[in-house]
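Trainee: Put chain B on the given structure of chain A with help from the hints.
So the chains spell out like this:
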Amino acid sequence: MSKQRRFILWVAVALLLLGTGLGLQGYALFQFQQWLVLVLALVGLHGLTAQAGLLSLGHGAFMALGAYTTAMLTHHAQWPTPWAWLAAALLGAAWGAGLGGLASRLTGHLLALATFALAVAVPQVLKAPGLAAWTGGAQGLTWTPTPAFWNQPLGLTLCLLGVVGLAMGAQQLAQQRVWGWALVAMREHPVAAAELGFDLPRLRRQAFAWSGALTSLAGGMGAMVLGHVSPDAYTALLSIGLLAGLVVGGVGQLSGVGLGAAFVLWVPQWAGEFSQSVPWAIYGACLLGVAYVAPEGWPQAWRAWRRKLTKR
Amino acid sequence: MEPSIWLLQLSAGVANGFIYAALGLALVMIHRTTHHINFAQGEMATLSTYLAWQLIQSGMPVAAAMALTLVLSLAMGVVVQRVLIRPVQHAPALTQMMVFVGLLVSINAFTGWWFGHVLQAFPSPFPVQAPAGLRLWSGHQLGMVGVTLIVMALVWLFFRFTRLGLALRAAAQHPEAARWVGISVPWMWAWGWGLAAMLGALAGMLMAPVVYLEPNLMMGVLLYGFAAAVLGGMDRPQGAVLGGLLVGVIDPLLGTYVVGHELQQPAVLALVVAVLWWRPQGLLGPKAQGAA
Numbered sequence: 001m002s003k004q005r006r007f008i009l010w011v012a013v014a015l016l017l018l019g020t021g022l023g024l025q026g027y028a029l030f031q032f033q034q035w036l037v038l039v040l041a042l043v044g045l046h047g048l049t050a051q052a053g054l055l056s057l058g059h060g061a062f063m064a065l066g067a068y069t070t071a072m073l074t075h076h077a078q079w080p081t082p083w084a085w086l087a088a089a090l091l092g093a094a095w096g097a098g099l100g101g102l103a104s105r106l107t108g109h110l111l112a113l114a115t116f117a118l119a120v121a122v123p124q125v126l127k128a129p130g131l132a133a134w135t136g137g138a139q140g141l142t143w144t145p146t147p148a149f150w151n152q153p154l155g156l157t158l159c160l161l162g163v164v165g166l167a168m169g170a171q172q173l174a175q176q177r178v179w180g181w182a183l184v185a186m187r188e189h190p191v192a193a194a195e196l197g198f199d200l201p202r203l204r205r206q207a208f209a210w211s212g213a214l215t216s217l218a219g220g221m222g223a224m225v226l227g228h229v230s231p232d233a234y235t236a237l238l239s240i241g242l243l244a245g246l247v248v249g250g251v252g253q254l255s256g257v258g259l260g261a262a263f264v265l266w267v268p269q270w271a272g273e274f275s276q277s278v279p280w281a282i283y284g285a286c287l288l289g290v291a292y293v294a295p296e297g298w299p300q301a302w303r304a305w306r307r308k309l310t311k312r
Numbered sequence: 001m002e003p004s005i006w007l008l009q010l011s012a013g014v015a016n017g018f019i020y021a022a023l024g025l026a027l028v029m030i031h032r033t034t035h036h037i038n039f040a041q042g043e044m045a046t047l048s049t050y051l052a053w054q055l056i057q058s059g060m061p062v063a064a065a066m067a068l069t070l071v072l073s074l075a076m077g078v079v080v081q082r083v084l085i086r087p088v089q090h091a092p093a094l095t096q097m098m099v100f101v102g103l104l105v106s107i108n109a110f111t112g113w114w115f116g117h118v119l120q121a122f123p124s125p126f127p128v129q130a131p132a133g134l135r136l137w138s139g140h141q142l143g144m145v146g147v148t149l150i151v152m153a154l155v156w157l158f159f160r161f162t163r164l165g166l167a168l169r170a171a172a173q174h175p176e177a178a179r180w181v182g183i184s185v186p187w188m189w190a191w192g193w194g195l196a197a198m199l200g201a202l203a204g205m206l207m208a209p210v211v212y213l214e215p216n217l218m219m220g221v222l223l224y225g226f227a228a229a230v231l232g233g234m235d236r237p238q239g240a241v242l243g244g245l246l247v248g249v250i251d252p253l254l255g256t257y258v259v260g261h262e263l264q265q266p267a268v269l270a271l272v273v274a275v276l277w278w279r280p281q282g283l284l285g286p287k288a289q290g291a292a
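If you're matching them up, the sequences are chains A and B in order. Under the working numbering, the first sequence is numbered contiguously, ending at residue 312. Under the working numbering, the second sequence is numbered contiguously, ending at residue 292.
Everything labelled a hint here was simulated from the structure, so no lab data went into it. A few of these clues could be false.
[To be verified] Some chain A residues judged to face chain B by a derived CB distance under 10 Å, without partners named: (1) Leu110; (2) Ala112; (3) Val122; (4) Lys127; (5) Leu243; (6) Ser277; (7) Gly284; (8) Cys286; (9) Ala291.
Every residue gets a Cβ at the ideal spot worked out from N, C-alpha and C, and that includes glycine.
So here's chain A without its partners, still in its complex pose (with noise of 0.2 Å):
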C-alpha cells in the first residue's frame, strides 16, 4: 500500500469513528466508549509487548491505577476531570518507569510472572481496610460526575476519540523513528542492539512509562465512562484478556488493537452468560490457538498460508 493511500484509509477510519460516534445514543454509545477504552489500553500494552518484546501480564493494574486516581480525584478532591486524567498518566508513567527498572534486573518470563503478581495483588490492595476511606474498599467509589463538557456523553466520546488518535498517531510515528527501531533491535537481539550504542536499561524505563502513561489515562477515562470503580473489575482475569485481546488482533500489527478490544468487550459479556469458565476456556483457546496458527501476526500468517497453497 503506498503512503498516500495508507495516509487516505486512516482518514477515512477516523471519519467512520467519528460519525460513529455523533450518531450513537444510549447503551450503545456506551459501548462504543468502552471499546475506545480498552484501544488505548491496548495501544500501550502493543507498544511494550508486540514492540519492545518486554513481557506484561499485569496491564490491568495500570488501569485499576489511573482508573482509581482519576476516581479519587474527581470524587474526594473535587479536580476537574482533565487534569485527572493528566495525573493518572502522570502516575500510570512513574509506576511503569519503576517496572522498567525491574525489567533490567528480571528477563522474559521472570517478568511476565512477576507483573502477573502484581495483577494479582492489585484487588487485594484496593479492597485493605486500611484504604477503605479512599478507595471505597469492596465496594468501590460510585460518584456524579459535575455537569461540565467533558463529563457529557458527547464530550467524553470526543475526548476520548481524540486521545485515542492521539495515541495511535504517536505510537505509529514512534514505531517509524529511531526509538521504534531501538526497541525491535533490543527486542531481537539485545546483545546486538547494546553494541549498537542504545542503553537499553533506560531504554526499557522509556518503553514502560510509555505503555504505563496509555494504559493508564485509559483506565482513568474509563473510570468516568463508568461513573464507577470496583476492585473487582481489575482482577487478573483483566490482565490476562488484554493479553488475549493483543494477541487475537494479531501481534504484529497496530491496527489489530481494534478488533482485540473488541475481543475483550464482547468476549466476557456473551460467554460469562452460560458459565464462569467459559470466558476463561474463550481466552484459552484463543491464546493457544493463534499461537500456533499466527504467532506474527495474521497477514503473515495468510501469507504463509498462500504461499503453502501456491506450491501445490
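Mentor: Below, chain B alone, put in the same frame as chain A:
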C-alpha cells in the same frame, strides 16, 4: 506448656514453606533446562489433585491414589511438553508466553467445568495427631514436611546417581555437548517437564487437605512457588528450598503482626520484589554478570 501463637505460626509456616519449595523446585527444573517459566505449573498441579480426589472417591485407598496420581502426572507432563511445548521451543518469548498462559487459563476453565466450583474436602493420608514431642505440628503438617523432604532427597539421588539423571543434567548444562555424546536433548526436556509435573502434583495433594480443593487451589501457591524460586536464584534447586521456607515463615508473620491478613499476599510479593532489586540473582544465585 502450651506453645505460644507465634511459635505455632512459625511451625505452620515451615510446613507450608515445604509446599512452596516443591512448586518452586518444579519451576526451577523447567527454567534450568529451557529458560521457560511454566505459568501453568500450578494449574497442572490442581488438575492432578482433582485426579487423585476422583480416584479416592471411586474407592481407592488414599496412599495408592496419590502414588498413581504421581505416575499419571509424570505422563501428563511429558505429553504436554511433546505435544504443545515442542512446536514453540525456539519461538519468540511472546509466543511461548501465549502458550503457557493459554494452558493456564484452559486448564483452569477445564477443572472448573468438569469438577465444578464447589469446595471439596480432600482427605489427608496422615494420622490426625503428630507423635509426642513434635506436637508443634499436626499429623498432616508433619507428613507434609516428611514426604517433601523424602521426595527432595529422591530427586537429588536421581540426578546424582542415575544415568537418566546425569543425561538430564548434561542436557541442561550444555545441550550441544550432550547431543554429541548421543543424548536426545528434546526428550530430556520432556522428562524435565514430567518430573516438574510430578513435583507440582505432590505439592497440590499435600496442600489440598490444608485448605479445600477448588479450581483455583494452586493460583496463590504458584505465586509463592515463583517467589521461592526467584528468591533463591532461579537456577538453584537449593535456593528454591531456602526461598520456599523463607516465604512460608514470613507470610503468616507479616499477616499477623505487620500488615494484616488482607494485605498478606501483596506484602510478601512486594518483599520479594524488594529483595530482587537489591540482589537480582537471588539469595543463592551466582554473582550477577550484569543484566544487559
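Trainee: Compare the structure with each hint and give your call.
Mentor: The hints, checked one at a time:
{"no.": "1", "hint": "Leu110", "verdict": "holds, 6 Å"}
{"no.": "2", "hint": "Ala112", "verdict": "holds, 5 Å"}
{"no.": "3", "hint": "Val122", "verdict": "holds, 8 Å"}
{"no.": "4", "hint": "Lys127", "verdict": "holds, 7 Å"}
{"no.": "5", "hint": "Leu243", "verdict": "holds, 6 Å"}
{"no.": "6", "hint": "Ser277", "verdict": "holds, 4 Å"}
{"no.": "7", "hint": "Gly284", "verdict": "holds, 3 Å"}
{"no.": "8", "hint": "Cys286", "verdict": "holds, 8 Å"}
{"no.": "9", "hint": "Ala291", "verdict": "holds, 4 Å"}
When held up to the earlier numbered hints, the structure conflicts with none and fits them all.
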